[in-house]
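The residues making up each chain are set out below.
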Amino acid sequence: MKYAYFISCINESMTKELDIAFEKWKTDLGIELVKLEEGTCCGGSNLDYVSPKHCWTINARNIALAEKMDLDLVTSCNTCLLSLRHAKHDLDTKEGLKEQVNELLAKDNLEYTGKAQIKHLLWVLNEDFGLDTLARKIKTPLKDLKIAPFYGCHILRPSHLMGVDDPNAPSSLHQLIETLGAQTVPYASANKCCGFHTLLVAEEESLNIAANALEDGIRSGADYIVTPCPLCHTSLDLYQNKALKSRKNLPKNSIPILHLTQLVGLALGYSKKELGIDKHMIL
Amino acid sequence: MKQYDIVIVGGGGAGLYAAMEILNTDISLNIAVISKIYPNRSHTSAAQGGANAALANKDKTDTIEKHIFDTIKGSDYLADQDAASILCEEAPRVIRELENLGTPFSRMDDGTIAQRPFGGASSPRCCYCADKTGHTILQTLYEQCLRLGVKFYNEYFLISIEENDGVCQGITALNIQSGEIEIFPAKIVILATGGYAKAYWNRSSNAAGNTGDGIAAALRAGVPLKDMEFVQFHPTGLRKSGLLVTEGARGEGGYLINKNGDRFMSNYAPEKMELGPRDLVSRSIETEINEGRGFDSTAGQYINLDLTHLGAELITKRLPQIRELSISFEGIDPIDEPIPIRPTAHYSMGGIDTDKTGRTIMKGLYAIGECACVSVHGANRLGGNSLLEILVFGKIAGHEAALEAKSLNSVSISNSIIDKHKKYFRSLMQPSQYERYGVIREEMGTTLAENVGIYRTEKNLIQAIYDIKKLIERFKRVKVNDTSTVFNTNLVNVLELRNMLNIALAISAGAYARKESRGSHSRTDYTKRDDVNFHKHTMFTLSDGNLDVSYKPVIMGKYELEERTY
Amino acid sequence: MEEQKEISFRIYRYNPHFDKKPYYDNIRITLEKGITVLRALNFIKENIDSKLTFRAFCQAGICGSCGLKINGVSKLACMTQVFKELEDSKEENVILIEPLNNFTIMRDLVVDMDPLVEKLKYYYSWVNPKMPVHELGKKEYLISEEKFQEYDQATDCILCASCVSECLMMEVNPNYISPAVLLKSYRMNVDERDSMQKTRLKKVTSDGGVWDCTHCYKCVEHCVKNIDIMKGIQGLRNSGMKTVSKRSEGAKHAKAFITDIKRKGRLVEFTLITRTLGFIKPIFMLPMMIKMLLRRRVPPPSFMMSEIPRIEKVRKIFRKLKKKNF
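Top to bottom, those sequences are chains A, B and C. Read in our numbering, the first sequence has 113 at position 113, and its numbers run on one by one without any break. Read in our numbering, the second sequence has 1440 at position 440, and its numbers run on one by one without any break. Read in our numbering, the third sequence has 2199 at position 199, and its numbers run on one by one without any break.
Hints are computed from structural coordinates only; laboratory data are not their basis. Mixed in with the good hints there might be a few duds.
Which bits of chain B does chain C cover? Going by a derived footprint, with three or more residues having C-beta under 8 angstroms, they are [claimed, not checked]:
#1 1038 to 1044
#2 1144 to 1150
#3 1200 to 1214
#4 1235 to 1243
#5 1369 to 1383
Over the 10 angstroms line for every Cβ pair with chain C, so calculated as not near, a few chain A residues [what the hints assert, rightly or not]:
#6 26
#7 33
#8 70
#9 114
#10 140
In this text, all values refer to a predicted model and were calculated from it rather than measured experimentally. We treat Cβ as the ideally placed atom computed from N, Cα and C, and that holds for glycine.
Work out the full structure, taking the sequences as your base and the hints as a guide.
Written out as structure tokens, the structure is:
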């Protein structure tokens, strides 16, 4: 199983541990990754309103880089997933757009054809690799662990661009967690927002959004919240103390947040340190 | 006590247009709009088709004159020709005004307002916004009223019109949210409360609230009603909800099938089959059901509109909205199953008698829109003229009222009226009351649909009048179970039923007295139009609790009576 | 006869005059296939409990009165088939009916809509005509298909408030403009017949306005008319940046992305904060940054970040893009 791996800006800086963990176990599962070194930032769901044309062009270029290698493109960030799939959807459906973009890409000897699929790492594990196969690879089943799955927004919505999960009752992350031997807890925030994208412009409100999810997670009795998105992780982990400051009478003061890649790593027998879990704010 | 210059009751297209026009005429006037729902929810939004105006964008040869003639002919010569002329003359101006204010009319290639053909029109002159014309016009008017700072009293239910010596003093209304009865003294009251086709209850495409509140209040206040027997039916309403399946389904090749599996239209219109004129198709379906060839269901008898032979591809491509409608509202996918339909009441031509400025016989009281009968539709309304009417007469009445308000004396309403209404409401909540409003309402709808529906005959009309009088008696024992003041919809539903019962009697009595067939009024015992005896408006007044029927001549003009053929 | 089922409606009840706190009623009725949730509620009101309170009007999906949460999701009761909804029920043959979120509950399923109307007014949600009153109605504007397309879909909105109920920013800030009003603002702002774009944009781009949207796409997902509300939100941000909101935090944040892609190919997160907020506000973030430093999680500063390979090609494409429009 070979993929082009899209580099999310935040995984290069603030959430390095996500890829550290992924690097540890990917060969155990026979996953081969070609890092898209020449790929640019996806625009972070901000570029599309600064300038849609830039958004289409850079993401057509990103996808074309993968197509040049004849590989599907995988990302481990929800917002990168949305930006890439959104651009792909427009390129594949808007009349004449692909041609105009390709004219520009020709300067870089690239061509967007639309053949490469854009996938989230979660989907790769669930569908391409398969949960049955994954189950057989487990070394340390995560029994006794109670997990609150936090999907984040851009892996679910808008559903016409995603189409894997029911955005009102998503299940893919639940299935993965249960395959790893852990238990999922029911709670209301699984498909809600972490507030990341407005952290800088509306901090108080964003922290409240994060706090709602965190409080839900804590009250559910979960040991960890697990998320497939580094942006959600940042909002829920890095900002957790600040977010929960206003919340009183919680059964416990904090809840650690794990990346999806770290949870898989734990089940495959790696230590918390190896997986970079010690780098988190909330331990 | 605060006194208004003008109070408008009803926040649909007519009421909002009037409010806008009043403030555009004289911004210093103190006005309010009182509506039983949020105005942007009004039934105007359900009008899909469009509004006629002889703009001559599409057909350069179209003229206002042609529009006038089409309207009068369509009315089966029962429209007042002066009113019909005003309707058509003012049409281009109101459509352009709405356009200037932001209504998203569909466009022609040259950027002008697009126009499409409509039944009964000699030129394509119907201006539209895709299939959301009424919705977008209502939004535009609501937005403009917000811009102008119109004072809205939302979720207030009209209880009564107050008068003194033939002069309107204002209204009383129930604040639905708080349960308080409030008085609104006003020099001028403009009723814009909408139509009454919901009296047919489950056999109507209308919104649940089209219960003729203003019409019934006017009748109780001594103002005459006109031409109440004229109600338009649409041939293909969904069986359960009454929602309309548009002509498109038959246009694309849908079949009408009875329980024997026959395409019965071959017996009624062998050449045009399912594409015959609307009233003929309605009558044919009704005949099939009456003669026992309909399907049975708990929701009553019905006929199938079968599209299954058209195939999934054609249905998804050409009739996506009809498919969505059937799936959402009836739970049926027309690709797999036929759609159950039956004719449904959807527009009421009659209403409060007014002159061509919207004035009633009570000084200071105006009526506009579907609740009024200016007499532009006569015995049958032309498609695309209903939206037009609310706009044109909303504007005219608003303008007239704005000019008149300053010259009127101040008015007053005694607070004792509040206690009188309170006492009545409390009496409805007494343990001795036992009749269920839902049952009475259902029976009212059924007797109207069965006896005063598409086909009418003396025997059935006598039955309807008998039934409704009995229901009115039973209503005296009706029980309001909900004693709470806050948002008491149980009480509102009962008060609406009281209004509909008044109206149901008027529809039936008018239909009984009119011993001819004209426009939407088809008597099987008098199948011909009888101009000698019935080329006149039916008038209804209440005296000592009894409904009196009398007549009034039609205002003629340059168009002579002719047979109506298409 | 059609298939029938006995179904429990678990309905939120609350009358502020009688009830200390809300509770749920379980009402069991037998229904056949083809019945909508609204018809079921009507049946309950007429035959079982006439005190049950909800709004409904057109019953045809166009007036927007009957917005409710059905099985936890905001939608119109009149357009929702009971049997279809059972497929999503968490408990077999139980349908959960609750009032919309993010509004004050007046009674049972009825919520106070006035705050939404007040926002419509506050944000000038109307076309402010360019023509003086006496000129109105004399002639048509000519509107091209392209301009028409910009606002056509947005005028489908029926203000049912499903999006407001689902909005996650509304949950934490009731004064937030809301998706419905953002859509209206956008619709007015792209209408060439309107004369107050700048005034409106100024309000829309200030605190509690368009920059506060978290892009969670809840509104898009739950719009009963399938309107791409995000297109409107992005359109407003775009026009705001070009005119009245150039120096706003939101605008600076968004612009940083395009600059960084040109400079490095990737986002320079180290300075993103200061470029968005300036140098004063971030001082309050220092304790967090020190903690990050201790965990070695601080993003590299710009001078330490290398450019992506062959960045000059990206820059070349950007230069060409400047002149292109599509």
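Structure-based check of each hint:
| no. | hint | verdict |
| --- | --- | --- |
| 1 | 1038 to 1044 | holds (count 5) |
| 2 | 1144 to 1150 | holds (count 3) |
| 3 | 1200 to 1214 | holds (count 4) |
| 4 | 1235 to 1243 | holds (count 3) |
| 5 | 1369 to 1383 | violated (count 0) |
| 6 | 26 | 22 angstroms, holds |
| 7 | 33 | 17 angstroms, holds |
| 8 | 70 | 20 angstroms, holds |
| 9 | 114 | 17 angstroms, holds |
| 10 | 140 | 25 angstroms, holds |
In summary, the one numbered hint that this structure violates is 5.
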